[in-house]
Amino acid sequence: MDLSMKWLNDYVKADMPIKEFADKMTMGGSKVETYRSMSAPISNIVVAKVISLERHPDSEKLWVCQLDAGQGEPVQIVTAAQNLFPGAIVPACMHNSTLADGTKITKGKLRGVASNGMMCSYAELGLTPGDFSYPVADDGILILNDDPDVDKMTPGMDIVKALEIDDEIVEFEITNNRPDCLSVLGLAQEAAAVFDTPLNYKEPEYKTAGGNINDELTVKVENPKLCSRYMAAMVKNVKIAPSPRWLARRLRASGVRPINNLVDITNFVMLEYGHPMHAFDLRYVEDNTITVRNAKAGETLKLLDEMAQPVQLSEEMLIIADGKKPIAIAGVMGGEHSGIMDDTTTVVFEAACFDGVSVRRTAKKVGERTEASSRFEKGLNPVNAEKALKRALELIDLLGCGEIVDGIIDAKSGEYEPERLKLDYDRVNELLGSDISPEEQRSILKRLGFGIEGDELIVPPTRIDMHLDCDIAEEVARIYGYNNIASTVPMLSGQGKRTPRQKLEDRATALSLSMGFYEIMTYSFISPKDYELLGMREQDRNSVVIRNPLGEDTSVMRTSPLTSMMEVIRRNYNNRSLAARFFETARAYFPHGKDELPTEKDYLCYGLYGANEDFFTLKGAIEELLAKLGVQDAEFIACTDDPVYHPGRCAVVTVNGAEIARLGQIHPRAAKAFGVGAEVYCAVVDLDGLEQSIGEDVRYSPLPRFPAATRDISVVCDEDTANGELISAIKKSAKHLESVKLFDVYKGEQVPDGKKSLSYTLTFRKKDATLTDEEADASVAKVLKALEALGAVLR
Amino acid sequence: MKEQLQNIEKEALSAISDCGSIKDLDALRVKYLGKKGELTAILKSMGSLSAEERPAMGQLANSVRQALDEAINVKNAQLKAAELDAKLSAEKIDVTLPGKQSLTGSRHPLNIVLDDLKEIFRGMGYTVVDGPEVEETKYVFDMLNTDEGHPARDEQDTFYITDKILLRTQTSSVQIREMLAHKPPIAIISPGRVYRSDAVDATHSPIFHQCEGLVVDKKITFGDLKGTLEIFAKRLYGEDIKLRFRPHHFPYTEPSAEVDLQCFKCHGAGCALCKGEGWIEMLGSGLVHPQVLINCGIDPNEYSGFAFGIGLERIAMMRYNIDDLRLLYENDIRFLSQFR
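These protein sequence lines are chains H and V, in that order.
Under this note's numbering, the letters of the first sequence match residues 1 to 795, in that order.
Under this note's numbering, the letters of the second sequence match residues 1 to 340, in that order.
Keep in mind the hints are simulated off the structure, nothing from the lab.
This list has only true hints and no planted wrong ones.
Beta-carbon label-pair distances, calculated as ranges: (1) Lys109/H - Asn321/V: 49 to 57 Å; (2) Glu552/H - Asp142/V: 26 to 34 Å; (3) Ser577/H - Tyr320/V: 19 to 27 Å; (4) Lys109/H - Gly276/V: 39 to 47 Å; (5) Asn321/V - Glu624/H: 30 to 38 Å; (6) Ala272/V - Arg501/H: 41 to 49 Å; (7) Pro198/H - Asp142/V: 37 to 45 Å; (8) Gly276/V - Met157/H: 26 to 34 Å; (9) Asn73/V - Ser739/H: 45 to 53 Å.
Distance condition first, Cα-Cα at most 27 Å in a straight line; then the derived BS3-like pairs of lysine-lysine: (10) Lys296/H - Lys225/H; (11) Lys19/H - Lys275/V; (12) Lys497/H - Lys183/V; (13) Lys265/V - Lys24/H; (14) Lys24/H - Lys446/H; (15) Lys31/H - Lys275/V; (16) Lys164/V - Lys365/H; (17) Lys118/V - Lys497/H; (18) Lys785/H - Lys756/H; (19) Lys219/V - Lys118/V; (20) Lys138/V - Lys601/H; (21) Lys766/H - Lys735/H; (22) Lys275/V - Lys24/H; (23) Lys219/V - Lys422/H; (24) Lys109/H - Lys61/H; (25) Lys497/H - Lys219/V; (26) Lys19/H - Lys242/V; (27) Lys24/H - Lys234/V; (28) Lys601/H - Lys118/V; (29) Lys19/H - Lys6/H; (30) Lys31/H - Lys242/V; (31) Lys364/H - Lys138/V; (32) Lys138/V - Lys365/H; (33) Lys731/H - Lys782/H; (34) Lys183/V - Lys138/V; (35) Lys735/H - Lys767/H; (36) Lys183/V - Lys503/H.
Glycine included, each C-beta is placed from N, C-alpha and C at the ideal position.
Using the sequences and the hints, build the whole thing.
Shown next, in the form of structure tokens:
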């Protein structure tokens, strides 16, 4: 909402510096976004009178003018304009002046003749023909001789003052609970409360010219549910003309283009009272009948808006119809013949209350969210409709632009009853934690326009946001000053404990960081094409689909954190980062039925690439993670059938038979599809599974009292035999085995083709006695026998 | 014999003194004090002395042995020290060569900020609560007083799955779930990601992170909200920081306040960071609207509460001077590795 300070000052005295005004209004609850001078950045342009003009000695188009710019000495300016004459009153841009578009004007020479500035057009002052009540030239210099105030325009006078564009405009951010503040009067009421100064408002008054509107017009409201009040007034013998300057300027300050006096009055009243109005030309109201009703199927209406196609109306839309056809969509826009034309003679003013939700739906459906509809949407009240209508008539009277027919048609369903709230001063203080006296509370509320009767608060009709004790508390608090309320701290009984899951996540994060993984954060919606790139199984692609995505790239909720990880790796790979380790605590989403919430699961996702990385660096990290988190008995089992991974370099991690993680090299086809030319290794750990796999808390085991015996063995076996298999066999067969560790894998000259050699260190120990060499050897013999059964023979 | 002893002593001490290595010193020890050494030989010939001479000569011989012993030990220590010095000197390194680092990753800057928030609020007794991101419309809008027809529900602002399911636009839905699940007293924060239909640019992202807070108990006041947020801001930004509470409107709180932080760069004078205003918008807050309490089965005459919502991206961007929001989600390692 752009507010003209001149307009505001019609109603409240707020003549402090603009910054102070803006700050205090903001802190009182009416947030000021910005403020600016209406004429900015115009500077140093003055009223001047052409004394004489001569042809430029060197040009057939240029004129050399002598101007009286109030400086005693004439000022010489050279111009190419052809509409000047001696005695013309013009705006003259002096040396070092600025035009509305920011252009700087300085003195210079035109074809050798000194020119000490420039004369300018209305456009160069940022104005339009509508800003003048008389015709102005589109090309050429703005001539002010026809101006009604030309006598007051003395040479040297600032043009900004002369043309009354010396206003300041304050832009407010109005929250949608306060549609009343989308009006000058609403903001004036706020200013009156904030600055504790009276609001100079008086009810509109006007003279009528006789007759009776009821003889000339019939109004019927067929759907009082959607139209609680419809008021109409009539003005005859209207004289369509430009508006006077003060009115036109106020519209301009509010960002509304002046058109003619009648149209301007409806706009002016809408801005001042916040209530949209409409003006019909009676010639186009057939049968002199206005009916407020729902549209009938098949009806159409061509709108005032320059849309080519007539709008298809539907039965839930509320329309204004004459005796034959729709002439306006209620609260949204009038039909093409409903507006004011240059030859209009009789006008019907409408001020009504239409249902907000209905207006909103209709406006949306016909694709015309207008200034009027956006105001109706928020809810307008019947009292203001009457005031607005009367104000419009007052302006007709004041401008002398027509004869007001006696009487106002008022079709309404019931009398308006103001909302009454119980005033409880203690409750206000209880909610705020404050100690504001009843006197002060009353004073604040009265300044805001509330009435007080005993312990009842009478809510002004424009304040649709007031219903509860907390609403009263807010009114009191904001004018008293939020920052004047003492700060306290509640005594909380909570302990701020972390849940086991939160501890697990914190610990997993710390461990991941310590192992060189950089934490990433990725979008949880992806392109369905990413599944394809990764080669995920069809059944794993069933996603939660966003109905109105920004684009296909972000249209489904991911079912795996891997696509996002690959995207990050692609970006870094393309940025020539040679190696990287990443992890993310990432969520994935698994749909159920329509209108059912999906299951959301969190994962730890790891990804790495680079010269020193391979399956085993990733596996090592996962092993370390699991070990430090207290997962015992994790088993890594080869997985050959997950299409996302390299079939020979993938493992699932199971604990007690349940899969908790999967890791491996991303299938080279997928890596290539993502544009990554390196081997990429990823792991996905299911946090739920991980949480369930954490073993008992650590219990210390006594340090060994007896020495250990170690034996190294090397066995030759088939290349395909898995180390894991041999280890299990060793563990199962050995006696007194403390640990077994693989220390070498060898393929080469000393080993036949298709075979490999594996070397292990076995450590044996007894808890209660020193292990003898014989016992150790006996155990090794058993191990070797067990290994032989698997085709692994001692070298 | 006495002369002989004195000569040995003199000669030996001089030899020890001149000795340059532990090996030579060992040889000297053998030469003089060894089983076949010179001093030993003299001691062996003591038998030829008279009974009167023997004690005096014995004493002399012993003192010579002691003197030599001591001299050798001293010399030995000296030589060992010198040897160590030489060794250490040979082991000298250039300490300005780079260290051998173990790889360590970095926490994402948004989570660094979130960790701070969690610590601050946990310290005040709040519990951290999580909830679904794909959420029922009623938890995000209806129960939070944001009825159908409210602009926030527009398709333009919100990602919908169906009419009844959407991507949450705020983590307030977690507060509703918490109030439905637990009787007051309640003191929680609910950090998490939220979704709004904004195209990606330097200051907008369709996914961002919020940390909302909720306290419901008997006699919770607007003053409590102010005091709590002031403590929070001081812990996060330091004791000197100033807040101001500015009236605003949210459908789910009444009274509502936006909280501005006095610009920490210009301290209120106005600069580029605060766009000349001297204040930076930090969060929205207010007393929980009684209808929201009623919706969750809590009697507003018995209980009251406050709620607030903080945007993590904004805090992180201000803290680290990040001028483009997209950096936070691009995960370029050259960006990530700048954080600690």
